[in-house]
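> Read off the chains here:
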Amino acid sequence: MKKVFAVALGILTAIGGFVDIGDLVTNAQVGARFGLSLGWVVIVGVVGICVFAEMSGRVAAVSQRATFDIVRERLGPRMGMANLLASMAVTLLTFVAEIGGVALALQLVSSVNYLLIVPFVAFTVWLILWRAKFSVMENVLGLFGLGLVVFAVALWQLGPDWGDLTHRMMVVDKPGDEQWRTWAYYAVALFGAAMTPYEVFFFSSGGVEERWTTKDLGTMRLNVLVGFPLGGMLSLSIAGCAAVVFGPIDASVDTLGQVGLPVAVALGKVGLAVALIGFVSATMGAACECGLSVGYSIAQYNGWQWGKYVRTDVAARFHVVLLLATLAGAAVLLTKVDPILVTEFSVVFSAVALPLTYFPILVVANDPDYMGKHVNGRLANSLGSVYLILIGVAALAAIPLMIVTRMGA
Amino acid sequence: MAALSGCAPGTPDGDSWRIDAQRAVGDASSAVLTAELALRQHVKGRVFDRYLQTVLVEAEQGVGKAGDAISTRQPPRAERERYQTVTGQIDEAASLVSTARIAVVDRETERYDALADRLAKSADSLQQLEDDLQHPPVAEG
Chain A
0 MKKVFAVALG ILTAIGGFVD IGDLVTNAQV GARFGLSLGW VVIVGVVGIC
50 VFAEMSGRVA AVSQRATFDI VRERLGPRMG MANLLASMAV TLLTFVAEIG
100 GVALALQLVS SVNYLLIVPF VAFTVWLILW RAKFSVMENV LGLFGLGLVV
150 FAVALWQLGP DWGDLTHRMM VVDKPGDEQW RTWAYYAVAL FGAAMTPYEV
200 FFFSSGGVEE RWTTKDLGTM RLNVLVGFPL GGMLSLSIAG CAAVVFGPID
250 ASVDTLGQVG LPVAVALGKV GLAVALIGFV SATMGAACEC GLSVGYSIAQ
300 YNGWQWGKYV RTDVAARFHV VLLLATLAGA AVLLTKVDPI LVTEFSVVFS
350 AVALPLTYFP ILVVANDPDY MGKHVNGRLA NSLGSVYLIL IGVAALAAIP
400 LMIVTRMGA
Chain R
0 MAALSGCAPG TPDGDSWRID AQRAVGDASS AVLTAELALR QHVKGRVFDR
50 YLQTVLVEAE QGVGKAGDAI STRQPPRAER ERYQTVTGQI DEAASLVSTA
100 RIAVVDRETE RYDALADRLA KSADSLQQLE DDLQHPPVAE G
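Chains A and R are the protein sequences, given in the same order.
The letter at position 11 of the first sequence is residue 10 when you use numbering that gives the first Met the number 0, and the numbering goes up by one with no holes.
The letter at position 82 of the second sequence is residue 81 when you use numbering that gives the first Met the number 0, and the numbering goes up by one with no holes.
So here's chain A without its partners, still in its complex pose (with noise of 0.2 Å):
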């Protein structure tokens, strides 16, 4: 019994920590303008993401080490250092724009301006980073986060036409008014939302953390390939919300507030309420795992003492690391940068960096030295290298298509 609830908190947790701002704003601003003719590509962002997150939590269980520590070790300190540079950037800059997505969350409860609330917001974050228990962070913001499945309910109240929906998800088509590279830049953000860096290295370490052995491989798998796509039909949900209400009015989507009408719209203040804990939850749990992230990569490259289950100073590097990243994020958006703007930054550059964060994972759990009999298999490998093409695609794709369509203009 005690085995059951654990697998099915995983699961909901998965859920509830696969969305982020990154999958709200875009699947929001992609719903409005594409409707689900984008829909494929956060099916085959899932699958990718579940790819490299089954990979890398078995080789955190196999080895009981973080993947960066294996890295560093396997490919040397030339790749390691590639390897934490790109995912780093990224995951800081992931870091920014969750904090903000707490903050613009929050005022949409509150109406107060979202850099008063800033300061609040970060000194929260690191306070949970130092003090809250590893297990506790993850399953009351996860399973809080789970209130984004009121978008799912939200898009059945409004009753779409499901056939057409559908099947705007299977073939690859645009709306008649938008360009092929408008089409092309949004494809590669939704694919970059979907297979955020930190999201894998989160999961990895905390596998670290909570100890996993080769015995919790089976529960580790069902949290990955049950969790993360049941998280991908929220984004998916979210993304059908704003094609039902803002695509037959032609109005595109741009803030926070906006991603949450639709679900008003269908099921009034209470639906409301339950999306604005969701969006709050989702965008606390993505902050602490991405600042996490941030600590975990540093420490685990230099070889420190890292981990919430370590005592604060012994691990002392970590922690400063820790709230240094919350400085910096907290000192970024104090600069009236725009949160969206940084999310939408931080899809795009996180699909750029996909590849030095992905490539090393492959190596190394197909390296029986690490990986004993539990190294990859055929359709670990095949889907790991088909995957790998569509990464290298998407990175070499990015900043022209950013540039050329003016983000998407």
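Read the hints as simulated data drawn from the structure, not as lab findings.
A couple of the hints might just be wrong.
Label-pair restraints from in silico Cβ distances [said to hold, decoys possible]:
| hint | chain 1 | residue 1 | chain 2 | residue 2 | range |
| --- | --- | --- | --- | --- | --- |
| 1 | A | 267 | R | 80 | 41 to 51 Å |
| 2 | R | 14 | A | 315 | 26 to 36 Å |
| 3 | R | 64 | A | 398 | 22 to 32 Å |
Being a predicted model, the structure only gives us computed values, none of them experimental.
Ideal Cβ placement from N, Cα and C applies to all residues, glycine included.
Knowing the structure of chain A, use the given hints to seat chain R on it.
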């Protein structure tokens, strides 16, 4: 020359200006439509006061940004008339969204319906203008 070009805004060609104008008008129209949608949902009791207020403030900022984006672009000679129309309509929309925001902050709920109607008309005009901007100006005489 470099100093001069650094100080004065360059004149974009007609196509480039029209794309920018379309984008600005489209952004303004989206913000106005969002304000209208939020007001109507509040009238139906589906949105919290503070949520509505935030959405209106964001809509006001959105229209303001759209206006700034196009008003600082030097219009080509052939587009000067439409430049006035574009900036004029965006200014009107901005003023209307501000009026709605003021009513929302002051909780003048009895005005929401009428304001939503006015926002809908403003959004219609902006969408027509956006369509019009897809084509070069009609040559005179």
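> Now look at each hint and say whether the structure bears it out.
Consistency of the hints with the structure:
Distance hint check: the CB atoms of residue 267 of chain A and residue 80 of chain R are about 46 Å apart, consistent with the given range 41 to 51 Å. In this structure the hint that residue 14 of chain R and residue 315 of chain A lie 26 to 36 Å apart at CB is violated, the actual value being about 59 Å. Taken as a hint, the range 22 to 32 Å holds for the pair residue 64 of chain R and residue 398 of chain A, whose Cβ atoms sit roughly 24 Å apart.
Taken one by one, the earlier hints fail for this structure only at number 2.
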